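Protein sequences, first through last, are from chains X and H. Under the working numbering, the final residue of the first sequence carries the number 474; numbering is consecutive throughout. Under the working numbering, the final residue of the second sequence carries the number 907; numbering is consecutive throughout.
It should be emphasised that the hints constitute simulated quantities derived from the structure, not laboratory data. Hints are not guaranteed to be accurate.
To be verified - Now the in silico label distances, taken between C-beta atoms and shown as ranges:
| id | chain 1 | residue 1 | chain 2 | residue 2 | range |
| --- | --- | --- | --- | --- | --- |
| 1 | X | Asp-372 | H | Asp-590 | 23 to 29 Å |
| 2 | H | Asn-766 | X | Gln-87 | 55 to 61 Å |
| 3 | X | Arg-366 | H | Lys-515 | 43 to 49 Å |
Unchecked claim - Over the 10 Å line for every Cβ pair with chain H, so calculated as not near, a few chain X residues:
| id | residue |
| --- | --- |
| 4 | Gly-189 |
| 5 | Asn-324 |
| 6 | Asp-368 |
| 7 | Thr-448 |
Remember, predicted model here, so these are calculated numbers, not experimental data. Idealized CB from N, CA, C, for every residue including glycine.
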Amino acid sequence: MNPVLSRRSLLQTASCGFGYMAFSALSTLQAEQITSPLSPKAPHFPAKAKRVIFLCMRGGPSHVDTFDYKPELKKANGQPAQNRPGAKLLASPWEFSQHGKSGQWISSLYPNLAKHADELAIINSMHTDLPAHPQAFVQMHTGNFQFVRPSLGAWTLYGLGTENQSLPGFISLSPANGVGGAQNYGSAFLPAIYQGTPIGSEQNRGAAAGRRFAGAAQEASIPNIKNDKLSDPLQRIQLDYIKSLNMEKLRQDQHQPEVEGIIESFELAYRMQAELPSVMNLDQESKETKALYGIGDNATDAFGRNCLAACRLVENGVRFVEVTHGNWDHHRGLKNSLENTTAATDKPIAGLLADLKRRDLLKDTLVIWGGEFGRTPYAQGTDGRDHNNKGFSFWMAGGGIKGGVRHGATDEFGMQAVDGKVHIHDWHATVLHLMGLDHTKLTYNYAGRNFRLTDVYGNVVKEILA
Amino acid sequence: MDLIPRFTILALVSGFVMTSGIGAAGDSLSAEQIAFFESNIRPVLVEKCFKCHSQSSEKIKGGLILDTRESTLKGGDSGAAVTPGSLDESLLYTAITYQDADLQMPPKSKLPDEIVGKFKEWIEMGAPDPRTGDIKIAASPAMNLEKGRQHWAYQAPVAQTPPAVGDAAWAKTDLDRFILAKLETAGMKPSGDANARDVLRRLSFDLIGLPPTPSQLEHFLTAWARDPETALAGMVDTFLASPQFGERWGRHWLDAARYGESSGKEVNVLYPYAYRYRDYVIDSFNNDKPYNAFIQEQIAGDLMPADSDKKRAEKMVATGFLAIGPKSLNEQNTRQFRFDVVDEQIDAVTRAVMATTVSCARCHDHKFDPISQKDYYALAGIFLSSETCYGTVDSVQTRRGSPLVELPLAEAGPGAKAYSPGELIEMQFRLGQLQEQYAKTLEEVREERRQGTANDATNFLKVRGLQSQINLLETKLQSVNADGVPRPFAMGVRDRDESFDAQLLIRGDDENTGDRIPRGFPAVFTHGPSYTPSPAESGRLDLAKWLTSEDNPLTARVLVNRLWYELFGRGIVSSLDNFGTTGDHPSHPELLDYLSLRLIANHWSIKQTLREICLSRTYRMSSAFDAESFAKDPENLLHWRANPRRLDAESLRDSMLAVSGQLDLKRPEGSPVAEAGDGTVGRGIREDFKNVTEEKHRSVYLPIIRDQLPDALGLFDFADPSLVAGARDVTTVPSQALYLMNHPFVQKAASEMGARILAVPGLDKNQRAAYAFTLAYSRPPTDEELRKTGAFLSRFLETARTEEPDPKKAGATALASFCQSLLASAEFRYLD
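Chain H on its own, in the form it takes in the complex (with noise of 0.2 Å):
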């Protein structure tokens, strides 16, 4: 970790001030001594090295402070600076000689010869220095925040003009002529208007993550000769209002909010019930819930007001975002897990919503935004004031279980696990055989133990086994009532009895605690109005009223920014979840504020702005390569056209299932997790959440277990479920391809796919190849495409039929393959 900065935090937060504990040094100097230093030494040190090396620089680097003689032979971080007669010994001198390439001060220009000459000669003298006294360290907090807030995303949005633009007619919405201003300004032009099969698709994918239907192809088409604006508008509608676009956007939302049905890490064990967060937040997005509110319920809707048991019991599982984290739950120290849970907490919090990493203030201050660690555990006061109920069973490996919520409502609702009369007896009956082998047990153990031949580690083992498999069985019967109906538990958090300020960790370490710490936003974003927690309660709902306002510079930027990077597949700041000084600026600022100044003038409805953003003209420019453009803007930062895009993996999974028919829109009860219930993954329970082969709902319903994601997601670039992971990664590697050719899903996917296009009465050979590339492209095929398809064909079927004598057969394995190579092939994954 870096040294220098935990110079100053110590002496700031602490209150820990440096003093100088060695008595005058300058008594002993001669006159001449003292002239030598005043006149040759003292003005360069002030003029050429205090401005980072004093105890009044605005920050101290190197943690070298040359005030007065004491500090300086005791130097910086790298050493003594002087060692008095030594030249070797003294880094100062090495550095104005510029000797080492490492070190070189001043580091803008070396010092003329004869200043450095009159230093070499001060050191051999022995290095006399009058100076003597305390060093105080007066880095002001408040001097460093002003300046933190200059950074731009720490600024409140400012109302934007839509600048003037050459080509009037271009621009349809404002949001066009921030495009094309600075488009123009470089002296280029956007690209032509997309045609209508391809907007389609764009607009199709973007909003319900599913190509279009031919039908829906067909009237498009129809309209759109009509007229394009209304076309376009109409679709969008229809796509906003489809219950398929809550599973679209809502997944991108579990991307940011780590969303994931069990703890990972060491022990990995199930989260049965992570999948009511999964829902609620699927269904918000249906109902266009605003922003502000979607994002105060999933930190403290156990806090606000809620006019019905069903509205309640909502925004509880709304704090679930809270709890799903992932988890190390065989941590042995306490307080070191409430600790590590906190941290995740923050850092969901804070990134998801602020785009802002808070969390490496836990152990010093933010190396590089203006972050305190005080900061840090004014946050963390909050979240350890409130409760983390997140349910797991305890056993050998883990002890950190924790309860769940109990939601107020009089049943569980399909999904939750539920048991038969049967199994209820079955599972009393062997709780009662394993208590007894426990007694039994414990008692042999004291028996062996008096007789002196007990093997502890074994004991322990057999012990701590009996007692895991006793609570796994408690837990399974109390999550149903006793008729063996699930009750409504769900994940989430509610405020302790008691609310508390957390302790400073010095270097975040849980044995070394330092001042108490209000608790309290990051004062570099309060300078709008005040927020603080009132002493009684954990603060949640605070801090989620704080962050929704709209005086939080970060939140619907890093919303607005969010949208664009999912319309366009580039965010108008390129880093989704770091707004910070090493995040990417934005490419264009001012169209950032203008959206997001929008975004809460439509009460933060993101559906409204995705409506917006849609009907643009920017959002319709076509993909068109364009060799002049491309020279000048080979990123397209200044969007002179749209982006090709690869689908992500729930897209192109979800596709394969559409086109070949097979697809389940209905939304799944639960989740395969849920219905396996408690347990740790690998041990007793099912292993196989993998193999998905067999699943026909939307990728959004597939179980996510960290770490062990379906190959159908972890191949294709699905967001690790253990991250805050705002954009996902595009590689190509031979596994995709292998996964094409070779999986069984797939394989299925292709023959469904025939079978639906043989079903079709009175096709020739032609007309099926054109359906299936409508089904799969929507587009027709070209003739080429055509001649090549039927030589493809005839070439696969001659083979075949040496290796099956069943033409029919032979003829079917044909169509499958064709239509396996349309949704293993490039155009099939992109979007122009």
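Chain X with its partners taken away, still in its complex shape (with noise of 0.2 Å):
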């Protein structure tokens, strides 16, 4: 079906996108160094963070059994629960204790991550609007389910630009299919450069039975990456050419700016063609590196290989990776199948940390950890659980955080967000900020009004802070 060019080719900007037919005149590199829309700006004040690398967990994962200890909980097993007639409370199946100096409670389901206990800032008390995936889901990423927004990862793009002009500055890891789908990594109304690069796509049907619970699972690589007819000049001067005829359509339509993220698609695709294909190439890695992540390993080579692609990318200038792991939907077998789901997460995900860390890296990269809700401490079935808004858990991690300190609190038994209460636009204020960059400045004009990431809403969750 012919979509229009979607809103954000409306955009009412005064000037007239990028600015493409000022520097008309003047050469290809020329006009690039001055107008990119991708060259590294100034943040509003100085940050620790420079760089995200999000794992997004699509489906909601149960905090009362791995991040929100609830000992309460676990002494009400079997009662009938206050909120929901009929329900009943499950106790976590996992066991808790508490790790590092700083003590944090982390259950049995992340015995690697919570050697890392002391890096972690944990967050319990989030909420969201609505317990519904797709809803939940987009608003978790572009803070707005009602309305097509920018994603966070094309904001950062939008406000900080990319620090290596060879590779996309903001790129999503097997991103879901459902649930909002493109929406997720889109621009919406900013520019189309600033949307986020997919590779793979989220699969949770991979055809050996053992890798079933991997989750995302499609070989992370980007296809036609190199071109087997021309050599790099003549590919350079047919570029050229596409380029011109493209000016001429911007020219004739005087307002095209789709048509200029077409323009800025094919330079960054020609850059991309140099560069990426070695960043993405793990087997430059040592033997030992990937067995940190558990690649090799059934039940996280997938995820694992996700998470070292996303360490290389942000070591290689990229602003904002995310990496989608599913699915954490449990509403039955929670037993089982969270035990899977964990396991194909917290090896991969303690590598990252110790090797972002090894790297040097961690202390100017800003890990995240959370997906779209949680779930209730009171039984679906008899094994599962379902899908809470009122109170869930996120961790970050590395650049400009805390480690070691839990913020907020949800009631005793889990169900909700009582203390300290982090709503999904507090979360995008904060990251914001993390980045350097203060969410009610950093706007775009569309149709007449300011739009901003976190609309009216949104406070810094200082406590996490370093």
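Take the two lone chains, each set in its own frame, and fit them into one complex as the hints suggest.
What follows is the structure in structure tokens.
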């Protein structure tokens, strides 16, 4: 079906997009240096975090079985749940214990990650507006599920540009197919070049039975990265010509920001050819590094590869990398499936933190773990948990984060956030703040109004800042 | 999940009435305490709180009911509202003092301090409260339904008189008057007419999904110069009559019908017979099957009368719509699986036909729309009483195979997988071997068991592995007659021997059953004549008739909105698959009603409706930018110009094949998936469904394996085949540029296009360039473009000669590179 040139094309900017027209007389290189919308930009204020890795756990991970220790829930196992007639509280089948100098409570599902307890700032008081996957997943990414809005990664890229002009500034590894699809890495009304580049796609349908729980499975590679027909100089000549055709279209149409997006995408694609293959080539890493991420083990291979790729991408100057892992929607068979899902992610995530540290990147890389909502402390059936948007957990580590702290709390059973509540808007404000961006000042004028990621909301969670 | 409505639902649905178990609390109260309560507290509760927190509230919020002492102490979802003696533990007090930003009651304005003070005093004195009694939740479904029916989309379309307009000469049709009137009210003007070339390209891509040929262009330009009206009408009729029309518009429906040729999900098993449904859809569009009949057949074709076996077969194939959905074939729980299949069917039917999400009422009443859990199970009974026949082979990972529908045809027709006598003998031999091996293995396992040395896990895999191979071979052998000619199987549905009502599953939990719900249709829509299914039948036929009755407020509107979206790039309702309360409002509600009623008046003819729209002045508007209009309406909601649009994945690929002279317009027989036959993706069958580089047929015929889309589709925003998806994303990402720069398919198209140009005798350099531009853009190049093209070719050749000594080869490379540039450029992909 033929979509309109979506809202992003309708930039109501006083200037016309990036102002290509003004520079059309200059050489390609000169024009790029002056006008590239991806050039690094100064943050609003100095900040420790320079880049983000968002480990996106699709489906709603159970907080009461992982990062939100609820001893009262254990005692109340089997008792009727107050807020849902007929339902019974379900104690976590896993033991919690304290870790690190900070004594963070983490369940036995995350033995490897627990070794990094002192790096983590755990937020136990997250909440979001709706307990439905598509809405909550989109809200987590864009702040708004009712309208098409730019994603967190797109805003970050818009605010800061990126350090490596030969790689996309925002990459989404194995993004989810449903639950909002491309919206979750979309740029909406922001210029198209700020959109995330998807690599691979989420598949919880690995061919081999052993990979069934591995989640994100498709090999993370970019197709068509090499031209078999033309030498590099010839391809450059061809691209210059394509650009001149597109500039002509731009001139004729007067106002066509999407064509600018296409021009940019060709230039970026050209540069990616030279750079991306070696960055994505994990064979350059030692056996020991791969083992750190659990690469080679059936259970952890797929997600481990994505985590290592994420590490290499940020090392090479990509501003925002998202890695999706699903499926955490444990309505049934909690005992088995949550164990499998955490096993698929524990070692890779622990490996990522260790590796970032080793490469001296953790100090200025913000690592985030979380899903669209949490799960109920009461049971669904006998061995499952339902959606819970009123209380769940995120954690953050790395650049600008005070490690070993715990912020906010849910009630005694983990049903809802009661103390130091952090809404998705607040989390967005905090992420931007950690990157040196003031969420109230990061605006884009569209259709006559200044839009923000956080709309009119958002409070920075100061308690977790270093 | 939301806790608020559940409370009400439970009470309603399971006939459960909450009663207060504890006896009166008022006995020990002093007269003063009672007086304090009656004069200071009760009036405030009644006046300020009961709208949302009483058993008589239309909608009880937060589960909080303040009618009795007991219910007040108990509180709502957030906990105790009042704890006698303790202000800190009394949420009611927290709320009325506005100390918590998230909990402030009454929500609109804080109570006067004096009243707040009285509540403080009251709680501190132990919250004396004489009110006792049972709580009966009286939320009346009838009332909610009446309110629900007021939503614009649930009201029957109303006949609309086209509004009067100032510029009467501009409006050529009634449709135009609806558009123009809104623009005039906003003080705006429609943009001028598009030029003939743009109109032709628009028509051609919109109606058949292909670029106009140079000779079509030439004829059209001449005809247009003579008389635009006649030229246009003639061209529209030509395109509507073309067999390519069904391929274009059938594909649009396939997006909404979540067409796919495999099960998707955890174990991706092929659907080798899905293509029959695809072909049925394409044929239906080409034959201009009335939309009401088209929908009826897809839901209950097997139950409809047919005057020949051929017609009967066609209608049976139509029900493939219900069978082709994604399925979790490795689901362990049989009951769960059946409910999942039904859930998916309800979702597809209600969203594709009515743009309404009913399936979220599986576990609870719809949060936003007036669809109850009861409504859901009323529909579920209809589908549970039907058997879904989708085939698939059982293997180690899947045990959920089903039969297929066998069509009343003598032959399966071309396309289905046939086996040669040699293959048959080989298969039978192999089957015998496997069966022998299976028997032997079983015996070995028994022996190991006796000796206590059995490894159950290994044995399980061994036995099930053999069983899988046997199943696969048996299925293959059964798919053909003794002579290897395929049997006429299809995917579809049929009624079960016995029909029954579904039991409501409380919270969607299959272990927690409630009342049986009589089969029927969502109450909010059933204010017209009743279509209660007869108890002896599944009710699908009644459902089909009800969906397409003229009283159904949604079906016609949803369709014309889809048609409008395809022609204008935006729906009158932007949320194509959601006409509920969380969907968008129509930008032109009167126009939507007008078009819906026109569709019905035209006997649900899609071609006639498209024809009327294409001949309007509105369709002919140019896409020219206008700063003044843009400032007023940047999103073009009022339609002051045509939306510039991007070609979708199929049109882009088909155009490359067309302009390079490679396109094979013949319909292929069957599908590569049918050719591959039964099996699981990635397990011993062809794994390269993604690789379609050599395919020359139109894109609608490419294999659509869920989660394994060919790049040509997947990279260019093709609809996810697992989802009902009326609208597609528009993305601009470098992976698309990489495809256009480097993919062998594009390179081949470019060199073929170059060869096509070279093959025309007697063209000089500039004429060749002009021909290429005409093929690609349907227009000649400007002088400036010619100059730039010349400069590019010389620069390219100069460098190419340093790499390639053969000047002829270097020349061909240069020409191909020029053609590829056109194919990769923005203009090739845009429709102005």
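Q: State, for the Cβ atoms of Asp-372 (chain X) and Asp-590 (chain H), whether the hinted interval 23 to 29 Å holds or is violated.
A: Violated: the Cβ-Cβ distance is about 60 Å, outside 23 to 29 Å.
Q.
Does Gly-189 (chain X) clear chain H by more than 10 Å, comparing its Cβ with all Cβ atoms of that chain?
A. 6 Å, violated
Q: Can you let me know if the beta-carbon spacing of Asn-766 (chain H) and Gln-87 (chain X) is within 55 to 61 Å?
A: 57 Å, holds
Q. Holds or violated: is the Cβ of Thr-448 (chain X) farther than 10 Å from all Cβ atoms of chain H?
A. The assertion about Thr-448 (chain X) holds, with a minimum of 18 Å to chain H.
Q: Compute the least Cβ-Cβ separation between Asn-324 (chain X) and chain H, then decide whether it is above 10 Å.
A: 16 Å, holds
**Q.** Status of the given 43 to 49 Å range, CB of Lys-515 (chain H) versus CB of Arg-366 (chain X)
**A.** With Cβ atoms ~55 Å apart, the hint is violated.
Q: Determine whether the non-interface label on Asp-368 (chain X) survives the test: each CB of chain H must be over 10 Å from its CB.
A: 29 Å, holds
In this structure, the earlier hints numbered 1, 3, 4 are contradicted, and the remaining ones agree with it.
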